[in-house]
Amino acid sequence: MSSNILQGKVWRFGNDVDTDLIIPARYLNTSEPKELAVHCMEDADPGFAGKVNLGDIIVAGKNFGCGSSREHAPISIKAAGVSCVIAASFARIFYRNSINIGLPILESAEASKAIAEGNQVEVDLSSGKIMDLTTGKSYQAAPFPPFMQELINAGGLIEYVKKRITN
Amino acid sequence: MGMTITEKILAAHAGKKKVAPGDLINAKVDLVLGNDITAPVAIKEFSKIGVNRVFDQEKIALVPDHFTPNKDIKSAEQVKILREFARRYGIANYFEVGEMGVEHCLLPEKGLVLPGDLVIGADSHTCTYGALGAFSTGVGSTDMAAGMAIGEAWFKVPESIKFNYYGKLPRWVGGKDLILFTIGKIGVDGALYQSMEFTGETIDNLSMEGRFTMANMAIEAGGKNGIFAVDAKTREYVASRAKRSYTVYASDPDAVYNKVYEWDVSKLEPQIAFPHLPENTKPLSECGNVSIDQSIIGSCTNGRIEDLREAAQVLKGHKVNSNVRLIVIPGTQDIWRQAMREGLFEIFLDAGAAVSTPTCGPCLGGHMGILAKGERAVATTNRNFVGRMGHPESEVYLAGPAVAAASAIAGKLAGPGEVGVK
Ligand code: SF4
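In order, the protein sequence lines correspond to chains R and B. All residue numbers for the first sequence refer to our numbering, where the first residue is 1 and numbers rise by one. All residue numbers for the second sequence refer to our numbering, where the first residue is 1 and numbers rise by one.
Some clues are possibly wrong.
[Claimed, not checked] In silico DSS-like pairs for lysine-lysine, Cα to Cα no more than 27 Å straight-line: (1) B/LYS319 <-> B/LYS17; (2) B/LYS71 <-> R/LYS162; (3) B/LYS28 <-> R/LYS163; (4) B/LYS267 <-> B/LYS282; (5) R/LYS163 <-> B/LYS156; (6) B/LYS243 <-> B/LYS259; (7) B/LYS185 <-> R/LYS113; (8) B/LYS16 <-> R/LYS162; (9) B/LYS233 <-> B/LYS168; (10) B/LYS18 <-> B/LYS267; (11) B/LYS28 <-> R/LYS162; (12) B/LYS16 <-> R/LYS163; (13) R/LYS34 <-> B/LYS80; (14) B/LYS48 <-> R/LYS34; (15) B/LYS48 <-> R/LYS163; (16) B/LYS233 <-> R/LYS162; (17) R/LYS34 <-> B/LYS44; (18) B/LYS16 <-> B/LYS259; (19) B/LYS71 <-> R/LYS34; (20) B/LYS44 <-> B/LYS80; (21) R/LYS129 <-> B/LYS156; (22) R/LYS51 <-> B/LYS373; (23) B/LYS373 <-> R/LYS163; (24) B/LYS44 <-> R/LYS162.
Don't read these hints as lab results, they were simulated from the structure. Small disclaimer: the values here were computed from a predicted structure and weren't measured.
Only chain R is shown next, with the shape it has when bound in the complex (with noise of 0.2 Å):
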């Protein structure tokens, strides 16, 4: 893997962000990653579709993507053309899907705390360190666990069955 470096510009969100807010359920009668993409964050911050550059960083506070199990969350974040999240916490299902998916989330308490809206950031997806670029200070997200690892070299979970059924 190559592309493990990201750079892009952070979009700050609070606390608790639900999956309501970042793909609301009334959208939710198509699955199309790009009809999803012109929604994404909507009833957070209603113009985010059509700002966000690819490549740009959301960072959050405690318990982000809370709420429903819906894959459509994730799924519309990564199809706007953000290269990854990094928050305090990410609820569980939200997690999971993301790893699945192959959209990159990190989890760092302090980087969520310090780093601004519109600092430029680079992400090493392979050590987990975070660099505020604007600032210049850095910050170490926690590794994820070797399992993990596993299913996200493979691809994602649907690679990984896929070489676990051919095995």
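Assemble the complex: chain R is given as a structure, and chain B with the ligand must be docked to it using the hints.
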């Protein structure tokens, strides 16, 4: 060192004697569930795996309940994906409109979940089945796809928190109030990644309906699952429904808990969660004067027969306030029929309520009672997030069926006492 009921079920399904919190395991599943929102994504992922059959035709449940009866062309297309998949792969438990009900009311009723089972569902409220002494948890569509293909899922064994309730609950206070009170105390991430085990004298005396309501909202505290010990009530509930044998697991006396909460609930008031999080709970007496435009009685939290009976007891002989729309949604066809036979619909209709066919409908802002800008609803549902029932500037107040019914009469948040019901 002993194990909790959750650890025992996970160990048994992973083929291990013992598991401990933090262990990553692969476990066999007894049932994989999906609905009209999550299953289409799962079916797409399933097709990428390249298998030509599902792991077990009897152990998959597909329930189109969210936007059904199909509310628009797009949702009709989603349901069509489920229907065609079910036919093609011979899925035994696909529930068409007419048999369909809100999934978490329906599966226990059909005997598809039994004590000791391990269930994954692509719906966050899959944790409901913990009321039966099963381990069940919500997952995403990709997990569902993998589950349908290989009948397994990966888990991190959670730590457990024990919630011990004692005292006799006052009149009109039930499972919904207990769980809202609990979430109010510990917060929406108070049980993050953890198992919530509900015990104590109050729980022993709680109906199965009340237990389903509590387990249902474990996810609103961030919990991985909510679980209850199996007792005579559980056995009676499954006796007429089970079509296979089941295993009863119980927590060891020396099982390890991360935390233990003890609460005397003998003076608990009805609880109401204010917008926009289930943790913003207040006892009824502190709610103040909050006018409402709509009241919803239904959902996987409180759409069961006991909930409808309770609402009917409050509504009997009363009229819904002229400023309020009251919508009653029985959870399943069987509950609907039972309510009809007991004459509950007469009471609802006389009061001026609308009674709907089973559906999730307004619970997630889908259809059948969407809120306009600035409107307020009291609802027996489980989430009051921003925009959950409609316009982002509308509000949802979560409560039990007695408060939802009394509020519909009063036109504002109220308990049965305030509308003259003892
Ligand atoms: S009733 Fe509401 S919470 Fe329950 S499954 Fe349906 S949408 Fe989800």
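Right, here's what the structure says about each hint:
1. B/LYS319 <-> B/LYS17: violated, 59 Å
2. B/LYS71 <-> R/LYS162: violated, 36 Å
3. B/LYS28 <-> R/LYS163: OK: B/LYS28 and R/LYS163 at ~18 Å, within 27 Å.
4. B/LYS267 <-> B/LYS282: Roughly 14 Å between the alpha carbons, so the hint for B/LYS267 and B/LYS282 holds.
5. R/LYS163 <-> B/LYS156: holds, 21 Å
6. B/LYS243 <-> B/LYS259: violated, 37 Å
7. B/LYS185 <-> R/LYS113: holds, 25 Å
8. B/LYS16 <-> R/LYS162: With a Cα-Cα distance of about 25 Å, the restraint between B/LYS16 and R/LYS162 holds, given a limit of 27 Å.
9. B/LYS233 <-> B/LYS168: With a Cα-Cα distance of about 18 Å, the restraint between B/LYS233 and B/LYS168 holds, given a limit of 27 Å.
10. B/LYS18 <-> B/LYS267: Not OK: B/LYS18 and B/LYS267 at ~40 Å, beyond 27 Å, violated.
11. B/LYS28 <-> R/LYS162: holds, 17 Å
12. B/LYS16 <-> R/LYS163: Given that 27 Å is the threshold and the Cα spacing comes to 24 Å, the pair holds.
13. R/LYS34 <-> B/LYS80: Holds, because 21 Å separates the two Cα atoms, which is no more than 27 Å.
14. B/LYS48 <-> R/LYS34: Satisfied, since the Cα-Cα distance of roughly 19 Å is no more than 27 Å.
15. B/LYS48 <-> R/LYS163: holds, 12 Å
16. B/LYS233 <-> R/LYS162: violated, 43 Å
17. R/LYS34 <-> B/LYS44: holds, 15 Å
18. B/LYS16 <-> B/LYS259: holds, 25 Å
19. B/LYS71 <-> R/LYS34: At roughly 22 Å apart (the allowed maximum being 27 Å), R/LYS34 and B/LYS71 satisfy the hint.
20. B/LYS44 <-> B/LYS80: holds, 13 Å
21. R/LYS129 <-> B/LYS156: holds, 24 Å
22. R/LYS51 <-> B/LYS373: Given pair R/LYS51, B/LYS373 holds - Cα atoms ~25 Å apart, limit 27 Å.
23. B/LYS373 <-> R/LYS163: violated, 50 Å
24. B/LYS44 <-> R/LYS162: Distance of about 14 Å is within 27 Å: holds.
The structure fails to meet hints 1, 2, 6, 10, 16, 23 from the earlier list, while all remaining hints are met.
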